[in-house]
Amino acid sequence: LRLDSIQKTVPLSYNEHVQTYIDIYSKRKDQFGRMLGLSNYYFPIFETALKAYNIPAEIRYLPIIESQMDPHAISRVGATGMWQFMFSTAKAYGLNMDNFVDERKDPIQASYAAAAYFRDAYEELGDWLLAIAAYNCGKGNVTRAMAKANSRDFWEIRPYLPKETRNYVPAFIAAVYVMNYANTHQISSKPSLITYKTDTIQVNHFVALADVAKAINFEESTLYRLNPSYKKKIVNGTSIDPKRMVLPRIDQNSYASLFEVLNNDVEADRDIILASTDDVRDLRKMAAKKTVSLPATYHKVLPGQSLGAIADKYNVEVQDLKVWNSLKSSTIIPGQKLKVVGKLAITKTSLPKPSYITYKVKAGDTLSGIAEKFEGATVASIKATNGLKKAALQPGMVLKIKS
Numbered sequence: 017l018r019l020d021s022i023q024k025t026v027p028l029s030y031n032e033h034v035q036t037y038i039d040i041y042s043k044r045k046d047q048f049g050r051m052l053g054l055s056n057y058y059f060p061i062f063e064t065a066l067k068a069y070n071i072p073a074e075i076r077y078l079p080i081i082e083s084q085m086d087p088h089a090i091s092r093v094g095a096t097g098m099w100q101f102m103f104s105t106a107k108a109y110g111l112n113m114d115n116f117v118d119e120r121k122d123p124i125q126a127s128y129a130a131a132a133y134f135r136d137a138y139e140e141l142g143d144w145l146l147a148i149a150a151y152n153c154g155k156g157n158v159t160r161a162m163a164k165a166n167s168r169d170f171w172e173i174r175p176y177l178p179k180e181t182r183n184y185v186p187a188f189i190a191a192v193y194v195m196n197y198a199n200t201h202q203i204s205s206k207p208s209l210i211t212y213k214t215d216t217i218q219v220n221h222f223v224a225l226a227d228v229a230k231a232i233n234f235e236e237s238t239l240y241r242l243n244p245s246y247k248k249k250i251v252n253g254t255s256i257d258p259k260r261m262v263l264p265r266i267d268q269n270s271y272a273s274l275f276e277v278l279n280n281d282v283e284a285d286r287d288i289i290l291a292s293t294d295d296v297r298d299l300r301k302m303a304a305k306k307t308v309s310l311p312a313t314y315h316k317v318l319p320g321q322s323l324g325a326i327a328d329k330y331n332v333e334v335q336d337l338k339v340w341n342s343l344k345s346s347t348i349i350p351g352q353k354l355k356v357v358g359k360l361a362i363t364k365t366s367l368p369k370p371s372y373i374t375y376k377v378k379a380g381d382t383l384s385g386i387a388e389k390f391e392g393a394t395v396a397s398i399k400a401t402n403g404l405k406k407a408a409l410q411p412g413m414v415l416k417i418k419s
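The sequence shown runs contiguously to residue 419 in my numbering.
Take the hints with a grain of salt, since some may be wrong.
[What the hints assert, rightly or not] Computed cross-link-like contacts, DSS-like style, restricted to lysine-lysine with a CA-CA straight-line distance of at most 30 Å:
no.: 1; residue 1: K344; residue 2: K418
no.: 2; residue 1: K355; residue 2: K107
no.: 3; residue 1: K344; residue 2: K355
no.: 4; residue 1: K344; residue 2: K416
Treat the hints as calculated values from the structure; they're not laboratory data.
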């Protein structure tokens with residue numbers, strides 16, 4: 017009856033299999049107390065991504081059984097992050113993994129990839145419990161079990177699924193129940209390490225988290241907790257590929273030192289020490305080749321000035337100023353320095369911004385065939401954009417194509 021009272025789209029059936037996990041989870045009071053505390057920060061992130069793909073909000077509980085909402089979780093088979101993506105699936109859904117970043121550990125980026133997976137799984141299978149099962153064992157195993165059972169009902173195909181998946185869906189339903197009825201089982205929310213409001217900015221330079229933490233008088237370890245995907249604790253943004261940084265909401269007195277850090281690359285010598293790789297220089301060379309070289313000046317914001325007034329002064333667009341300065345909103349403060357690209361009062365020019373379209377691989381597709389569909393695309397460019405080492409494709413894989 018309690019499961020029935022939870023507002024839901026996913027059918028949260030109750031049976032002896034679910035009860036087994038309710039009994040297990042309701043005794044793990046410390047663990048689920050931590051989950052309640054973490055949910056205050058992470059659930060809004062999950063919900064935003066799920067809503068973008070029209071996925072039921074109940075799926076937000078899945079990272080509890082996948083990883084206990086730990087972005088650094090790694091399974092024995094290499095599945096990584098809160099949503100436990102395997103490398104190949106992560107690549108197929110647009111996540112980047114390189115020397116600097118593992119986006120499987122990015123709560124925001126990985127949540128969107130998970131939502132995209134559920135969209136595809138539901139479109140193919142037509143049932144949310146089957147889509148959840150597919151998230152654990154793959155759509156192929158689910159469709160084979162459906163064929164053996166001659167059914168599209170999870171509980172009827174359950175005996176034909178891999179052993180782990182048979183228990184995966186009951187465990188998910190039990191986790192939803194315990195999180196919603198924690199008080200009934202004397203489970204109290206434990207304080208999370210992330211209890212403050214945050215802001216998100218786009219960074220178009222290489223910036224060390226240590227420098228940002230120092231500038232805003234914040235613990236580096238806590239800043240890394242907000243940005244767990246950066247393996248070397250360096251945000252590797254460039255003008256053609258800005259990267260997200262999550263920050264605690266700061267007071268106005270900290271803005272000046274923050275903007276100074278954000279507008280200066282990590283020093284070349286320090287790149288070598290921190291990164292121990294040539295990726296920094298290689299990416300900068302690539303950025304230099306792909307961006308238009310225009311003269312730049314810096315404008316110091318005066319009291320009472322708005323972003324629109326500054327844009328009019330330099331005959332540029334407000335959106336240009338936002339892109340050049342990685343501004344999330346139009347809020348600016350006196351004393352802040354803004355980068356302005358282009359000659360004063362001559363042209364309105366914005367930096368070129370790469371755009372991508374996505375293509376879902378179908379059975380029989382080849383890289384050369386896909387390249388022919390899109391003007392300017394080549395096999396080499398598709399492989400480079402998607403980090404593919406081989407030309408082998410899998411149906412359902414999502415490729416990014418530069419447009």
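Please name the hints from earlier in the document that this structure breaks, with their numbers sorted from lowest to highest. Number 2 only.
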